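Asks: The listed protein sequences correspond, in order, to chains A and B.
The numbering of the first sequence is my numbering, which starts it at 1 and goes up by one.
The numbering of the second sequence is my numbering, which starts it at 1 and goes up by one.
Take these hints with a grain of salt, some might be off.
What the hints assert, rightly or not - Rough simulated footprint, nothing fancy, chain A against chain B, three-plus residues with beta-carbon under 8 Å:
#1 27-40
#2 77-89
As the list claims (entries may be wrong) - Across the chosen pairs, the derived CB separations fall in these ranges:
#3 B:219 - A:76: 27 to 37 Å
#4 B:97 - A:192: 50 to 60 Å
#5 A:45 - B:184: 27 to 37 Å
#6 B:209 - A:19: 26 to 36 Å
#7 B:184 - A:126: 44 to 54 Å
#8 B:128 - A:207: 53 to 63 Å
#9 A:83 - B:100: 52 to 62 Å
#10 A:17 - B:65: 20 to 30 Å
#11 B:62 - A:7: 28 to 38 Å
#12 B:152 - A:83: 42 to 52 Å
#13 A:203 - B:103: 52 to 62 Å
These are computed hints drawn from the structure, not numbers from a lab.
Just so you know, these numbers come straight off a predicted model, no measurement behind them.
Cβ atoms here follow ideal geometry from the backbone N, Cα and C, with glycine treated the same way.
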Amino acid sequence: MGGELLRNIRKEFLIEFRNPSAVLSAFSFSGVATISVSLVTRALPLQPLVQSILLWLIIFFTAMNSLLHPFIREEDHGTAPFLRLHSSALSVLASKLVFNAVLFFSLQLIITPLAVVFFQFTLRSPFFFLVTLLCGGFAVTATVTVLSAIVARSGGRGPLFTIISFPLLLPILWMSIESTRHSLERGGFWDVRSLVFLLAFSGMIIALSFLLIRFIWLDE
Amino acid sequence: MNITKSVFIAMPASIILTFLYAPPAEVLGDAGRIIFYHVPLAWISVLAFVVAGFYAAVHLFSKSPRAADADMKSHVSATLGMFFAVLTTVTGSIWAKLSWGSYWNWDPRETTIMVLLLIYIAYLSLHGTLKDGEKRGRICASYLLIAAATVPFFVFIVPRLYPTLHPDPILNREASVHMDFRMRITLICTIASFTLLYLYLFGLRFRIAVLEKVRMGIER
């Protein structure tokens, strides 16, 4: 299982970097979206709550734009049947989850500094801000990865993905926005409840994903 | 006594209780009687979701021949849940206008029912996208289970984490009931009546779904 998982993770990165157009598009989208939104709001004195909402909206749409790709690619390229024969459903999900997590944290590395500079964030608690981004980003990745498998198997694309993702991402966005606002408004380590919620939510979604992936991914 | 007879006795009796037995609310007066419809509708919205999730789990994990119709039952319950969630939102908005002066305040409990409504919409969209068959059953059931697992966060955790405009829940932290005795009796009766109504509609809709499936089989 361990060797299979490592092989699949390696495969994910090799395939993506062999033809990096999708990854480059995701990076471009994240940068352009952040700069565009900040350009539109440049003359407005933004409150911390509005700044947090804008940041997480950009993160949400970046996730919608970039994290669907790994499962859809298998169906589009016709490699899904071979992958079903070659690897267990658990290792396929785990490898896609690792790839998506690495990709999404990399995207956040683009979005966050741009947002801090262009939205003129005043970080009263930088450590809490970073922890919130990590916990929120991980929760988004975990949720979107399993939902992208559902969308890929259903033959649907963008609109369906957004419809089925939004209700499950809403609590994550809600808690992350609250937590980010606290990190912009107050110093110290505030609102640990939101972080606990985000971690518990991620854990639950990952556990369910591993429990259900064989029903989603395999043709039984 | 079967469910049909019980519903035709319990529902009129509950309506009589709400208008003739229960006293007017202290601040809202007669307008406060909407609680006897709003609370049972909200209860049924959640109950329908739990039932849909239960049958989704049965569909995925049970090998019993009796589980053959579980996917259909899950879909029927989700459809009814969507209907009750819309009614909950409408009655809640009317109550919010009477109590707090605006139809929508994004109170944690209002947000909870909105998320539930969005999950129902997402599930039904996914169900509509996929063609009839075993794959649709498995994928929709998996989505419903993932979504169902998030409901306890909304129903039990979020309203207790964040300040709410809503009155204390009946099962509150002090384990005491802040409600007039006659109002309490009426509320219990309406909740029981609406539960019977849900069971009646569930049976009716399930029989219709079975007949539709038989008809489609004959037409093919």
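Asks: Quick one: which hint numbers does this structure break? Sort them smallest to largest.
Replies: 1, 2, 4, 5, 6, 8, 10, 12 and 13
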